[in-house]
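> So the chains spell out like this:
Number of protein chains: 2
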Amino acid sequence: MPYDPGAINLDDKFSKFSKHWSPHIIAQVNDLHIKSVKVQGEFVWHRHEDTDELFLVHKGKLTIKYRDRNVTLGAGELHVIPKGVEHKPIAAEECEILLIEPAGTINTGDAGGELTAHEEPRI
Amino acid sequence: MPYDPGAINLDDKFSKFSKHWSPHIIAQVNDLHIKSVKVQGEFVWHRHEDTDELFLVHKGKLTIKYRDRNVTLGAGELHVIPKGVEHKPIAAEECEILLIEPAGTINTGDAGGELTAHEEPRI
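Respectively, the protein sequence lines represent chains Z and W.
Heads up: the first sequence begins at 1 in my numbering, then just goes up one per residue.
Heads up: the second sequence begins at 1 in my numbering, then just goes up one per residue.
Do not rely on the hints blindly, as some may be mistaken.
[What the hints assert, rightly or not] Computed list of lysine to aspartate or glutamate pairs in DMTMM-like fashion (alpha-carbon distance at most 25 Å, straight line):
| no. | chain 1 | residue 1 | chain 2 | residue 2 |
| --- | --- | --- | --- | --- |
| 1 | W | Lys83 | Z | Asp31 |
| 2 | Z | Lys65 | Z | Glu77 |
| 3 | Z | Lys59 | W | Glu77 |
| 4 | W | Lys59 | W | Asp12 |
| 5 | Z | Lys61 | Z | Glu96 |
| 6 | W | Lys59 | Z | Asp11 |
| 7 | Z | Lys59 | Z | Glu93 |
| 8 | Z | Lys65 | W | Asp12 |
| 9 | Z | Lys19 | W | Glu77 |
| 10 | W | Lys16 | Z | Glu77 |
| 11 | W | Lys59 | Z | Glu77 |
| 12 | Z | Lys16 | W | Glu77 |
Rather than coming from a laboratory, the hints here were simulated on the basis of the structure.
It should be emphasised that the depicted structure is a prediction, and the values quoted were computed from it without experimental measurement.
Between the sequences and the hints, there should be enough to build the whole structure, so can you do that?
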């Protein structure tokens, strides 16, 4: 990633794309990527065998379904999905979120399928 | 850290303490801690030899001084300080920030001194 000369403004980053379920890399801390993602509708059930995953809601409301419970996040709320635990994100309306996870983490985890992001642009 | 049952609300976490320059651990992603910190005034010049450090401003305005430039962050803006680079955070008014850095990272880095946080409570 090119050396970042200054502030990374989240509203600015979210204004640069519109596709849902498509992570965009906005920063890196050691081996972790900070990604901006817009989501709407239902994602697939999946798990990440090797890593935790942090969700921080910037705008909107996100529900993370687990097999035995739901966690609902509003703006300014975060949640960490433990590694290996199956989950399914859902948003009735468009929702802007930050993801924090290791570089190379695939959005659909073990599930694959048509929502898999084969590229994660740096913006 | 006890298993987190749900949403972690940032405003709620910041309401739980008032001391400046005292990081509080609110979440963990793999080996990284997510810390809430209130700052006001001038911190010490220091560097972290082994890790990058992410600052995300939740409320207020933070200036990160480098030896050759300043980066100023408002609410909803983030910046990553590269490992090994000397920096000095400053906030004229109280500012609420999230830090993301490896567990065990000392707030004053190589500098030490009276602002060193010897404990980082989990809240």
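> Could you tell me which of the hints above the structure violates, numbers in ascending order?
none
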